[in-house]
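If you read the protein sequences in the order shown, they are chains A and B. My numbering numbers the first residue of the first sequence as 11 and each following residue consecutively. My numbering numbers the first residue of the second sequence as 70 and each following residue consecutively.
The set of hints was computed from the structure by calculation and includes no laboratory data. Note that the coordinates shown come from a computational prediction; the quantities given were computed from them, not determined experimentally. Just so you know, not all the hints are guaranteed correct.
To be verified - Derived list of chain A stretches under chain B, where covered just means 3 residues or more per stretch with a C-beta under 8 Å from a C-beta of chain B:
#, segment
1, 31-42
2, 127-136
Said to hold, decoys possible - For lysine to any residue, the following SDA-like pairs were computed, each having C-alpha atoms within a straight-line distance of at most 20 Å:
#, chain 1, residue 1, chain 2, residue 2
3, B, Lys114, A, Asp129
4, B, Lys143, A, Asp129
5, A, Lys48, B, Phe159
6, A, Lys34, B, Lys180
7, A, Lys31, B, Asp141
8, A, Lys40, B, Phe170
9, B, Lys291, B, Tyr94
10, B, Lys131, B, Gly118
11, B, Lys143, A, Lys48
12, B, Lys143, B, Ser176
13, A, Lys34, B, Gln173
14, A, Lys34, B, Lys291
15, B, Lys114, A, Asn17
16, A, Lys40, B, Met174
17, B, Lys143, A, Val26
18, A, Lys34, B, Trp140
19, B, Lys180, A, Ile37
20, B, Lys199, B, Met211
21, B, Lys180, A, Lys48
22, A, Lys34, B, Phe175
C-beta atoms are modelled at their ideal positions from N, C-alpha and C, and glycine is treated no differently.
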Amino acid sequence: MSSVYFNIGKYFLLMVNTFTKPEKRRIYPKLIVQEIDKIGLQSLGIVALLSLFMGAVVTLQTAANIDSGWIPRWTIGFTTRQTMILEFSSTIVCLILSGKVGGNIASEIGTMRITEQIDAMEIMGINSASYLILPKIVAALFIFPFMVILSMFIGISAGAFVGYTAGVTSLNDFEYGLQYSFELWQVSYSIIKSFFFAFIITSVSAYHGYFTHGGPREVGASSTRAVVYSMVLILIANYVLTQLLLL
Amino acid sequence: MIEVKNISKSFAGNTVLKNITTEFYPGKVNFIIGRSGSGKSVLTKCVVGLMEVDQGEIFFDKRNFTILDRWDRKDIRQEMGMLFQGSALFSSLTVEENILFPLQMFSTMSKSEMLDRVNVCLKRVNLEGKNHLYPSELSGGMQKRTGIARAIAMNPRYLFCDEPNSGLDPQTAIVIDNLIREITYEFNSTTVVISHDMNSVLETGDHINFIYQGELSWRGNKTEILHTENEALNNFVFPSKFMQQIREKLKS
Numbered sequence: 011m012s013s014v015y016f017n018i019g020k021y022f023l024l025m026v027n028t029f030t031k032p033e034k035r036r037i038y039p040k041l042i043v044q045e046i047d048k049i050g051l052q053s054l055g056i057v058a059l060l061s062l063f064m065g066a067v068v069t070l071q072t073a074a075n076i077d078s079g080w081i082p083r084w085t086i087g088f089t090t091r092q093t094m095i096l097e098f099s100s101t102i103v104c105l106i107l108s109g110k111v112g113g114n115i116a117s118e119i120g121t122m123r124i125t126e127q128i129d130a131m132e133i134m135g136i137n138s139a140s141y142l143i144l145p146k147i148v149a150a151l152f153i154f155p156f157m158v159i160l161s162m163f164i165g166i167s168a169g170a171f172v173g174y175t176a177g178v179t180s181l182n183d184f185e186y187g188l189q190y191s192f193e194l195w196q197v198s199y200s201i202i203k204s205f206f207f208a209f210i211i212t213s214v215s216a217y218h219g220y221f222t223h224g225g226p227r228e229v230g231a232s233s234t235r236a237v238v239y240s241m242v243l244i245l246i247a248n249y250v251l252t253q254l255l256l257l
Numbered sequence: 070m071i072e073v074k075n076i077s078k079s080f081a082g083n084t085v086l087k088n089i090t091t092e093f094y095p096g097k098v099n100f101i102i103g104r105s106g107s108g109k110s111v112l113t114k115c116v117v118g119l120m121e122v123d124q125g126e127i128f129f130d131k132r133n134f135t136i137l138d139r140w141d142r143k144d145i146r147q148e149m150g151m152l153f154q155g156s157a158l159f160s161s162l163t164v165e166e167n168i169l170f171p172l173q174m175f176s177t178m179s180k181s182e183m184l185d186r187v188n189v190c191l192k193r194v195n196l197e198g199k200n201h202l203y204p205s206e207l208s209g210g211m212q213k214r215t216g217i218a219r220a221i222a223m224n225p226r227y228l229f230c231d232e233p234n235s236g237l238d239p240q241t242a243i244v245i246d247n248l249i250r251e252i253t254y255e256f257n258s259t260t261v262v263i264s265h266d267m268n269s270v271l272e273t274g275d276h277i278n279f280i281y282q283g284e285l286s287w288r289g290n291k292t293e294i295l296h297t298e299n300e301a302l303n304n305f306v307f308p309s310k311f312m313q314q315i316r317e318k319l320k321s
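Please construct the entire structure, taking both the sequences and the accompanying hints into account.
Structure (structure tokens):
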């Protein structure tokens, strides 16, 4: 148990170091843009692909499970919308990104640690935590909400397309379902969640990478731990945020 | 000058450094030698502030480094350059960007002045024209030389070299040794070299510190090392019969 408290303390101290005044602020915009590319733009493909197929499958699954004539066909559009907006585009996409982005961050910083690149920065008098971690956190906080919105759009569009082409719903029914009892707050809720998840993924993964000791095997272990801890924390945060924001 | 006064360091009850007191002189190549696990790397990491000492003090030209906090240490750290054992070049940056890095972070030079400085440093280590290569495209010796170029970019008063010859062939090792010596004399920097390479020690060791089981066992220069009666040092520097014969010849 004491090691849990020790690690939590170490994590918060690292965050304090990360958010202390950087050495040269004008270097950061360039670093943030690079990180937006690495964390966000290079993940667009996987987010789009997942959203496309999930939207299509949710539509078909809902259609397949409506076997009562009392349930209207627009329920398909309604269910697809609710699934994508409330959970898939924020939580599931972020869980998947924790594997891709989190693993990448932990292994990148972990490799820098074991090859003494971080020590080299420290000796130069550079706050390595701020230089390496802050741009990643800022970039993720900026780009994740856009990715979540994109995922919603692609998933719902794919659902409409597949529902129509498979003949399980008309576009009018689907559109009616999309608009039925729609609350903009649900999109906001999803975006708010994505901010928290972005912070969890980048900071937890950076923490595991930053305190890597040993060789390549330990970098792999750090990377795995980063993904596992990020996922667990995302699930816990998802529960807490849902309780706080929706109920 | 760097003064180390009574420093000790332990890890989980295991004492690695015991009450070490020594000096590293400006304009001289100061060596720290010792067997693997003797504590020489820990000593260097304590001196540069990568590790905190349990007790004792370290002075950089009369400035007590040990009592300073992270922010106050920054000024002294900007006067340090370090060549790491594995070079520690930033793998995502080119040779030019690696050397530019400390200049961009701390100097007030214009972009063109910085590029001029990079080219001066590259010329100094005989790596002209290699500006746009990545570390992975360089040989071990070239990586070390790039590391030296990065270390001298800010004209450091204190230069630390952690096993600069490890993994290099003897001829390249001599090139690196000569470079370190020339830079030390040229900039009058206080150079501290950790090494296992006895050829380097006997060739360039102006001032040698021998660490044995966490204690400073012997201090002297490359001439005195030939005449020492310190058994642990003799066993370390001249471990084979062949080396002992060389020693006798050198002494005579």
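Each hint, compared with the structure:
| no. | hint | in the structure |
| --- | --- | --- |
| 1 | 31-42 | holds (count 3) |
| 2 | 127-136 | holds (count 8) |
| 3 | Lys114/B - Asp129/A | holds, 10 Å |
| 4 | Lys143/B - Asp129/A | holds, 14 Å |
| 5 | Lys48/A - Phe159/B | holds, 17 Å |
| 6 | Lys34/A - Lys180/B | holds, 15 Å |
| 7 | Lys31/A - Asp141/B | holds, 14 Å |
| 8 | Lys40/A - Phe170/B | holds, 14 Å |
| 9 | Lys291/B - Tyr94/B | holds, 15 Å |
| 10 | Lys131/B - Gly118/B | holds, 16 Å |
| 11 | Lys143/B - Lys48/A | violated, 31 Å |
| 12 | Lys143/B - Ser176/B | holds, 14 Å |
| 13 | Lys34/A - Gln173/B | holds, 8 Å |
| 14 | Lys34/A - Lys291/B | violated, 44 Å |
| 15 | Lys114/B - Asn17/A | violated, 24 Å |
| 16 | Lys40/A - Met174/B | holds, 13 Å |
| 17 | Lys143/B - Val26/A | holds, 18 Å |
| 18 | Lys34/A - Trp140/B | holds, 14 Å |
| 19 | Lys180/B - Ile37/A | holds, 13 Å |
| 20 | Lys199/B - Met211/B | holds, 10 Å |
| 21 | Lys180/B - Lys48/A | violated, 26 Å |
| 22 | Lys34/A - Phe175/B | holds, 8 Å |
The structure fails to meet hints 11, 14, 15 and 21 from the earlier list, while all remaining hints are met.
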